[in-house]
Structures are given as structure tokens and as C-alpha cells.
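Protein chains in written order, with our numbering: chain A, 1 to 433; chain B, 1001 to 1175.
Incorrect hints may have been included.
To be verified - Quick list of the computed label-pair ranges, beta carbon to beta carbon: (1) B:P1097 - A:N168: 42 to 48 Å; (2) B:G1106 - A:D423: 56 to 62 Å; (3) B:G1106 - A:M297: 47 to 53 Å; (4) B:D1151 - A:P269: 35 to 41 Å; (5) A:D300 - B:P1097: 43 to 49 Å; (6) B:L1135 - A:G399: 40 to 46 Å; (7) A:T90 - B:L1066: 25 to 31 Å; (8) A:K248 - B:D1151: 48 to 54 Å; (9) A:P269 - B:Y1126: 36 to 42 Å.
Stated by the list, open to error - In silico lysine to aspartate or glutamate, EDC-like type, Cα no more than 20 Å apart, as pairs: (10) B:K1054 - A:E354; (11) A:K111 - B:D1163; (12) A:K111 - B:E1063; (13) A:K111 - B:D1067.
Said to hold, decoys possible - Computed, partial: chain B to chain A, Cβ under 10 Å: (14) G1080; (15) G1132; (16) D1169.
Quick caveat, the hints were computed from the structure, so don't treat them as lab data. Here a beta-carbon is modelled for each residue, glycine too, at the ideal position from N, C-alpha and C.
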Amino acid sequence: MDGTAAHPGKNFSKDDIARAAALAASGDDASRVAFRVYQDPAIYAAELERVFYGPTWNYVGLAAEVPNVGDWRRNMIGEREVLLVRKSETEFSVLPNVCAHRGAQICQALKGNTEKAFMCPYHQWTYDHDGKLIGVPFRRGVKGNGGMPADFELSDYNLPALRVAEINGVIFASYDAATPPLDDYLGGDMKHYFTRVFDGRKLRIVGHHRQMIDCNWKLQMENLKDPYHAGLLHLFLVTFGLFRLDQKSATVLDDTGGHSALTARRSSPDEHVGNDEIASYTPDYALEDPTLLEPVMEFDDEMTLAIQTVFPSIIVQAQSNTLATRHVIPKGVGRHELIWTFFGYEDDDADRHELRLRQANLMGPAGYVTLDDAEALEISQRGVDSAPPDNEAVLVLDGDNIGSTDHLVTEAPIRGFHKQYRDLMGREIANAL
Amino acid sequence: MPSDTAAISTAAKSQRAGGDLVSLARRIERLQLDYVHRIDDDAIESMPEMFTDKCLYRITSRENWLDGSDLGVIRCESPGMLRDRVTAMRHAAMFAPRTIRHILSGTLVDRVDGTDIHARTNVAIYQTSADGDTLLLMAAIYRDIVTETPDGLRFREKHLVYDTLRLPDSVICPL
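All chains should be built: construct the whole structure from the sequences, respecting the hints.
This is the structure:
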């Protein structure tokens, strides 16, 4: 199984990557996307460098997952393994999980607590919560023999800590000094939707799911920017009125186009129009135990669904009372891992917690809704893989608009994603010239 | 009904005596075999009737289990919710068909607690796609609470807890 051990992006030279990035960045019409960006392993390697390790904020976890000082969790940014560490009541660090000595993986468990220091098991080099090297065994040798050279300075071998930013208990990290501050990176509208869910209340972790999906990571992100499919593919959503193209709704993009939010208000069957265009609509379908579909209002606004994507790789899901982050981790050009972190709020009562557990049936690797998604994504990858690289996806629903709309019959968020993707893939080429 | 009560009381006594739980384990093994064959033989419609009216069925990861999380990949609180899962699989979801194959180990009875029998059964679950490729979907354990009823043994709780950290494919039906 490829877990964290697979690093297919490693097999390319700088020149390969530069050529691939230029190819991926080409094309100024975001309503056409060449299949090669889902097929080409060199483009995948370029994405790691220019998107994931470039000027982006990457989700690394929730503060509630590391509740105590010294708590840490392993996570991934692209193919690089990192540790999210709570170093104080209010501060976090993100460190490479790679010893500065010989490169051994420092922490092997999924999570843990270390009161003061991380110790590499191999030669016991130890680091504090900021990644500062604080101890090296036999630095002075044994009885005057051996040991480190006189000019060996611990401070030359600190773990290179990443930049860290947090909004209300959601933690992001960046490798690039040029990444704008997180607030600016999100922009005002996106921060509004983000802080609608992450409103400052302490979170309660409900649980995790992890699954592998055999498709390119971008297809997963695009799927959450695609209201068109959601109103057609998902019988559960359209039949029970959880998400329909005829609902009072909005599609919101930030200025870069890279982030988006889709919102909708739950409707009753008598409000529905266009059922004859929805093959999956099944008027006679009913649940024997309908408690799954009995939500309570979660937020002060009337929106019962808000799906937000933050470029490049995090989705925030607020469907009725089921709240989760979905973290997309690339695992090669045709695979990704999806980590679901379901959460509620620390002030949830027992009834609300039960609702979250029950409605979680809609989501995850067996979700009434997301089971369809995984299947659609895998058949997308299969189809794309068997077609020539110059063939193009057609994204012309709602014209060539790359902006917000007050309806859902649009592919604007996918066009926005590819606009931002091309900007990032092309940017370092321009710098290099 | 008196005979059922007697059976329970006998089981409880034998537990207290530290005595023979083997025959009880054999009965639960039979129940498990019956259960997995209803799924593997594509007769899953009759599976929910093996649960008591108040029940909890859950598939979850060992990660969640160790964290004390109640979350499930599938989580059903009644036989009705289980039947809804079956109906959805048949009629309401878009996916290519898969064949499921459970490989069970023997059952260990941990304890008998009143009418509740707490038992564990290791399981490997293989899945074969429409294209004929087989993969190991999960290495897992059933953590069950089985109870005597007038109709025989029934599952009151069934937790399928998988060791596999990342599910290699979707879970299309209760397992």
C-alpha cells in the first residue's frame, strides 16, 4: 500500500519540471483544460514544487486535534511529511518530520505528546517544539576521542520550521516566504464563509476517515467546485432537497479564483422545478428511518449547505449538521488520499452530537452522497487516462464568467481554480527567466 | 421463553465458573457465518433481521476506536436504518458492482453480562471489482454484543473496527 512511503514526484529533473510547469500553465481560456494536467507525471512533480511548496497556505490540522501543550500530529503537505505541534496554549509550529542528521523520520506514530523535546530514534538528536536542535549525543566524544568538530554549532542544524498561520483553530503552513498573510490569501468573502463555521468557538473532534481515491487531486477539488454535478449525480441530495440547482443559492469566488464557496438553502419537494431534467430524481424513494434527514438549524443564516474550498487542498463541508474538513493529499498523478476530520463544537449537547454522528452517514467513504463522488472521480480519471493529452475538458456552463453568481448553474468556480492554478504554475518560470 | 432465560442463566453461570464458553462461542460463530454469507451471497436484504429492534451497527477505523470516537463510516441505530442502507445500495447510489468476501477467524467470547454476550471475531474482507480485480479492503475485527431472544441469537451491537488506516476503496454496503 502506498501510505506516506510513496513519493512518485521525486523522479524528475529541474528541467523536466520547468518544461512541465510551462506546459501546464499554457492556455489563457480557463473554460478549456487539457487532459495532460491529469495525466502527466512531470506536471504532477511540478505541482508539488510550484503549488504545494510554493506561495500557498496548506491545511495541516485543527487546534482541537492537538489540545495540550506538546501534542503533535503527523500530516502531509504534498509529498512532504510534517509535524503539527502545539508549543503553547496559543502557538503552533509545523516542522519537517525529518532529522537534520541523516534524514530519518523522527516520529512514527500518527500522533503523540512530547513534553519538551522530539528525539530521533536513530542517533537521538533532540529538538525542541520550535525545531531547534538542543542535544546531540557524544558531541564532545568519549574521553577526548571523536565527537563533533570544535566548530559544530547546534544552531546550524535546526529543523527548518514552516511558516504557520491560524484562523480560529484551523492551522495552515507554508514553505514560501512570499505567501501573503492568511487573511489576504483568503480575501474578505472567503474569510466570511470560513469564520461562519470556524467562528471562534472551541471545536470538538468527532472522528476521522481516511480513504484512497484513484484520481488526480485536482479532480477532487474541482468536484467540490462543481454545483452542476451535485444537482444531478446525487439522488440523495436532489430527491430529499438537500442540494438542488433550483434552490436559493450562491456561488462565491475570491479575487484569484482559486477559492470558492457554494451555498444553498434546503427546499421542500413542492418548491422543486426541473425534475424531468434530473435522471436521478426518484419521487417515490423514501427512508424507513428518516431521522437521518431531520436536521436542526446550525447557523444564524438560512443556508443549510455551504461547501468551501481553499486553494490548493482543503474543503470545508457544512451540510446541515455534519461539519468536516476534507484534506486532499496528492499521491501521484492518478491518486490522492482524502482525510475527513468531522467536528462539532465544545458546547454541543448530547442531542447535537447524535445528529452529527447520524448525518455523517451522508459523507465519508460510505457516504450516501460522497460514495457517488468517489465513483464519478475514478471514472473521470479512467476516461481521461485513455484519451490523448491534448483533448480538453469543456467548462462553459454559465459562459466564461469567473466570478460570483446568485445561482448554481455554473462552472465558474472550476474555471477560477484553473486560472489560479495556471498563474501559480507559470509564475516561477517567469521569475527564472 | 423460559428456555431462553435458562440458556442465558446457564451461560452466565458457566462464565462465573470460568468454565466452558466454547459451546457459546461455537453458536456465535454460526451466527457470524450466517451473517457474512448473507452479505457475500448478495442476500443482504435479510441481514437487518439478525439485529435486535434497538441496535447499533457501525463500521469504523481502529484510529477512531482508540480515540473513543463514536463516528462510523456507516452508523445505523435501528434495523430500519440498516434496511435503508441496503435500499440505497440497490437503488440510490451510482457505483460499479463489487463482490464482497469475508474470511472469518474463530470467535472469542470475552464475557457474558446478563443477557449480553460480548464476543470478538477477526475478519479479512476482500473485494472484487466488476473488472475482476481483487483487493484486501480491510483487516478488521468484529466487536459484537450478541443477545438471546425468543427467535434465537441476535446482534444488539456490531462494531466492525478496521486496522487498515486508509481504506483503499469506498465501502458500498454494510459489511
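* Asked: Hint by hint, which ones does this structure get wrong, listed from lowest number up?
  -> 15
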